[in-house]
Each structure stands twice: as structure tokens, then as C-alpha cells.
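Novice: The chain contents come next:
Number of protein chains: 2
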Amino acid sequence: MNHSSLVKEVLDEYSGLTRSRMLAYLPEKEPKAYLYDIARDYPLRGGRGLRPSICIANAKAMGGSESAAILSAVSIELMHNALLIHDDVEDESELRRGKGTLNELHGIPVAVNVGDTLILMSFKPLMDNLEQLGSGLTFRILKETMRTSWETAEGQAMELGWRKDNVFSLNERDYLRMVAKKTAWLTIIHPLRVGALIAGKDDATLDALLKIGLFLGAAFQIQDDLLNLTGDPAKYGKELNGDIAEGKRTLMLIRLFKQATKVEKLELEKIFFKSREARVEDISRVRAMMEDHHCIEYARAVAHGMAGAALHEYEQVSEYRGSDRDAKFIEGLIHWVIERN
Amino acid sequence: MNHSSLVKEVLDEYSGLTRSRMLAYLPEKEPKAYLYDIARDYPLRGGRGLRPSICIANAKAMGGSESAAILSAVSIELMHNALLIHDDVEDESELRRGKGTLNELHGIPVAVNVGDTLILMSFKPLMDNLEQLGSGLTFRILKETMRTSWETAEGQAMELGWRKDNVFSLNERDYLRMVAKKTAWLTIIHPLRVGALIAGKDDATLDALLKIGLFLGAAFQIQDDLLNLTGDPAKYGKELNGDIAEGKRTLMLIRLFKQATKVEKLELEKIFFKSREARVEDISRVRAMMEDHHCIEYARAVAHGMAGAALHEYEQVSEYRGSDRDAKFIEGLIHWVIERN
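Going line by line, the protein sequences match chains A and B. Counting from 239, one number per residue, gives the positions in the first sequence under the working numbering. Counting from 239, one number per residue, gives the positions in the second sequence under the working numbering.
Don't take every hint at face value.
A pair counts as met if it fits within one copy or between any two copies, since identical chains are not told apart.
[Stated by the list, open to error] The list that follows gives simulated cross-link-like pairs (lysine-lysine, DSBU-like), each with its CA atoms no further than 35 Å apart:
hint, residue 1, residue 2
1, Lys-270, Lys-473
2, Lys-508, Lys-267
3, Lys-512, Lys-270
4, Lys-362, Lys-508
5, Lys-486, Lys-267
6, Lys-449, Lys-381
Note that these hints are calculated values from the structure, not bench results. As the structure is a prediction and not an experimental result, all values here were calculated from the model.
With the hints as extra help, turn the sequences into a complete structure.
Specialist: Here it is in C-alpha cells:
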């Protein structure tokens, strides 16, 4: 089986498993109209289930069991959905998984309150796992979860600040530091490490997973941002080119600011000082400049380099040496992240 | 010492204590400009420290120690500040404790992200208390904290829904159910119960405190809403009459909808279908109707009745029978809540 079929198969299996357990944490009770029915919306829209699948697969690859990992996987998926709700508010996004965002459908006040409810709900499965995992491991996972949330909020703050202050003088290091916090922790590092903790691994293994996760998380985010520019409109669930309209500091935009001529820089500054609505008419111009300066090829090359580094770190981890299906999934994921569309 | 001097003295003492321990949970680190400096803002603006003081006083009144209670008090104050940030976003409020709200000063995206960070931060002192309280009690308090957060979010959802759908047909029971969730849990019930848990009390005591808290919490919210109409502008840190502009379903407004003549009802519906900005010009008209129908006296009488019921429940609790200063503070609080201005 090639790695992309394996990745698809394992994602389907573990995300299905996670979804069925997650439903119990999304109550069908009052107040429905402005809270619990809306809280179920994003989770029920589907999504690949990347984060919970990484958690379950890594627990198993390192010698733990699916049943010990499943509630942590549910927690991670709930936190992810909660933060999507608030991200969509913060980015004024209109589409999510092919439908209107909660802020678009129900307004900002309701979306903020529903997000709060889901953030707090994400801790419940961890508490419910106390009997199976014991208090020591449960506390350790709770602490990891809080650390991950702060890393994510810090990354989000950096990105919001750049947009708010309209910062143009950013370099690759700024970008990678932001992306490590905003994306890598919750998407890759945390699921890998929680899986390892459940399998009884120690700090040395957690450190190795931090490295894999940092590289793979960066590759994942760059690829995600590339899809916003080049994705298939029929498959992509968000607004194509929405990142340019939002003024999001992607690696491609940071590269463009660096490579642009003086005249182009002035033009870009003018474009990014406009309101989001007004900037929509400049999208094709920004795209054209990105192509002139090979920013898309550049970002694609960086993503490949990051995935290569992740693969190198993967090969250093002794627990992955074997033909185990779950270890092969983690390896396959590193290829899949930059090949997906 | 009369009860209002005692209440003031204990609030000053315990809120000062809480504030000094809370500072350690508000890091001075990067990213400062869009996260941690802003996260410190509301907590540093002061406030009475009602919630942490109730927690510490009740722990001591029931035989626990200040040192066992202090980190739970810090957690409660952090959660309160976090939810204030999101409440201000949801209510589009402009003033908080005499200064601009975070949404006013930094925009909605930053305010939402800072609120998320503080919500999560509020769990940290509880985890740090593990060694002192042991894992059983720590888990119990974590679960109480999560329950309280959901009750609060449910109450917030009810209120947002009433405003969003412009609901006029509400009665006192609807109001009291909403206020029990939105206000009583986090403001009174939770601090009382966490204090009791720290003092080693069982479910029978927690049930009695639930009753005190429901009555006292309702009295507190009604009084809070009365102050929005009748408070001293120099002392009140928010916009006077802001509740009418926001269309907030206070007991006074619910009473007015019920008591208004048919003609007045049509006028009121017209007023509350306007935008918030346009409604500002109708504030004095709504106030006049409230006075015509004695809605303010009515709400004041209900608040007094609620405080009386709280006092009755207080007297049933055997742990409070004595001349203990902390028990006297809880009793004094019941008087203070409806006398404060």
C-alpha cells in the first residue's frame, strides 16, 4: 500500500472512532438554539480528523492502546473545533468546511460564547479518563493541554498583531516562530506527545517529538496557505485567496515584501493599508507579483525542506523502527502533508 | 462594627491577598503588545474582588485555611476577568471599570484571543494546588469549575438569544432561570462551594450553599441592573443606561413589557427593533415608561425578597452559627448586596 492510501485509510478509521465518542460530549439539551445546537455544528461538518488520528496512531506506535488514547483524541478534536470558531471570528472568515462560519450564521456574540463552551468542554474527556490513566498521567496531560493552548494563543497574538499594525518587515525566522506556536503545537506536537505520554514514554521521547512536530507543523501550515492560493475551488472549503484579502502574513507574502522592487513595495503598502473589502479588487495584482517573484515556488521549496527535516527526525526515533502500521502512518503523513491538495 | 464596614474591610483584605498572588499568573513576557500586557489590563484595573473574597471567607468560616483557599480564589478571579473580556465583546460594551473595554481599545480579534488565554490561565492555579490539596479534592474543584463555566455560558446564551430574537414575552421565572446561570453560579454559588470543599464539607452543605447562592446571586444581578439605571455616574465604571441601549432583558424591562398598555407595547417594540445606535435617543422615553409603571420599585422589591430568602437559607447552615468574622462577612454580604451603590 502506498503511503497516501495508508494515510487516508488510517485517517478515516481513527477520525470515525473519534467522532462517535465525541458526540457524547456535544449535548442535545437546552439552551439549544443559541448554544448546544450551534456547538455541534463544526464538529458534525466533518473534517479529516488529522489531530485525533495522530494522537491515537502515535499512542499505538509507541506501545499504548487505542482505548487509553481515545478520550485524549476526543479532547484534542474538541479544542481544535473550539479554536476554529474563535479563529473565524478573529479573521472575519465567511466559509468553513464549505458552509458559513458561525460568526457569519449567528453573529459574533453567539460565536464567541459557543467557542468558550467548547474550549471548556475539551477538558471533560481528559477528566473522564482519570480512572483509566490514573491521576499522575491525567495531570500531566492536562498540563500539556494548557501549555498547547497558550502556545496557540501566543502564535495567534503574533499574527493578529502583524496584521493590525500592518507589519511589512518580517523574515522567515519570524514566520517560523509564529507558525510553530500557532499551528505546530496543536496540530502535530501535542497529538504526538499526548500519544507518547499514554504509551508511558519519557521526556527524551517528548523532545524528539517536539522536533518532528515543529518541522512537520511548519510544512503543514505553508502547504495550507499554498492551497488558499492554488487549491481546487470545488474541494477547498474556504474562500480562495481569502488570505490575501485578510492581509494574512503567509510565507509567500513575507517573501514578496522582501523581493519586491521599491516601486512595488509602495504599491503593496498602499494595497495592505486598504480595508479588507477594498483589498478584494487587488487580489489578482498581488497574485501576479507573487508569480513574478517566484514566491509560490519558494514557499513550496521551504515546505519540502521542512518535511525533509521532519523525516530525518522521524528516523532518529527508535520506537518507529519496525513495520508497524501506525508508525508507517506517521511517516506517510510527512509525505502526505506536502502532497495533499 | 456594622455589617457594611465589615464587608468593606474583609473585601479589601482578601482581594488584596488575591491580587498579589494573581500577578504571578499574568506573565510579563512576549508577545506583550497583543497578548500578555493586555491580559494584565482588566485584573490590574482593580474591582472589588467579591468572588475570591467569598471563596476565602467561606473556606475559613467552615474550618478551612486561607492558605488552602488562596489559589482557588485566584482561579475564580482569573475566570471572572476572562469572562468579562468576552462579555464586553458580546455586549459591544465600551466602558469597564472606568476605562475603555478591550474590544474598544484593541478590537474584537485581540480581545477574543486574550480572553481565551485568561480562561485557560484560570485552571493553572488549580493545578498548582495539587500538592497542597491532593488529587481527589483538586479534581473535584476542577469539575466544579467546569460545571460553573457551562452554567455561565448557558445563561449567557439565553440572554444573547432573547436580545437577538428580540423576545418580548418573558416572565419573572424566565429571568430568574437565566440569572441563576449567568450570574449566580460564578459570582456566589461557585466561590461558596469551593470554599466549603476546601474545608472538607460534603454534598449536604454544598446543596445548602446552592440555595443561598441562587437567591443572593439573583439579588446581586437585579441590584447591578438597577445601578445601571440609577447609579452615580462618578462612581459607576460603565455607561449609565447602557442596558437599555443594548436591549438587555433586565427585570425592569421584562416588567415594563408586561405592564405596558397596548399602545406603549407597540412603541416599545418599535424602539427595540432599532439598532443599538438609533435606540440611544429613546433611552429617556423607556426610562419614563419604567417610572410610570413602577418597574424600578418592583425590581427593588424583588431584590429585597431574594436577599431575605438568602438570609433565611444562611440561618439554616449550622457552620455559620457562631460569632466568626468570616461567617459574619457572608451574612453582611447579603445585606450589602442590596444596599450598595
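Novice: Can you give me the call for Lys-270 and Lys-473, within, between, both or neither, at a CA distance of at most 35 Å?
Specialist: within (31 Å within a copy, 38 Å between copies)
Novice: Evaluate Lys-362 and Lys-508 at a C-alpha cut-off of 35 Å and name the case that applies: within, between, both or neither.
Specialist: neither (48 Å within a copy, 44 Å between copies)
Novice: 35 Å Cα cut-off: does Lys-486 pair with Lys-267 within a copy, between copies, both or neither?
Specialist: between (38 Å within a copy, 24 Å between copies)
Novice: Could you figure out if Lys-449 and Lys-381 sit no more than 35 Å apart (CA to CA) within one copy, between two copies, both or neither?
Specialist: both (19 Å within a copy, 34 Å between copies)
Novice: Using 35 Å as the alpha-carbon threshold, which applies to Lys-512 and Lys-270: within, between, both, or neither?
Specialist: between (39 Å within a copy, 26 Å between copies)
Novice: Pop the pair Lys-508 and Lys-267 into one bin, within, between, both or neither, using alpha-carbon distances up to 35 Å.
Specialist: Answer is between: at 33 Å across copies they meet the 35 Å cutoff, but 50 Å inside does not.
Checked against the numbered hints above, the structure violates only hint 4.
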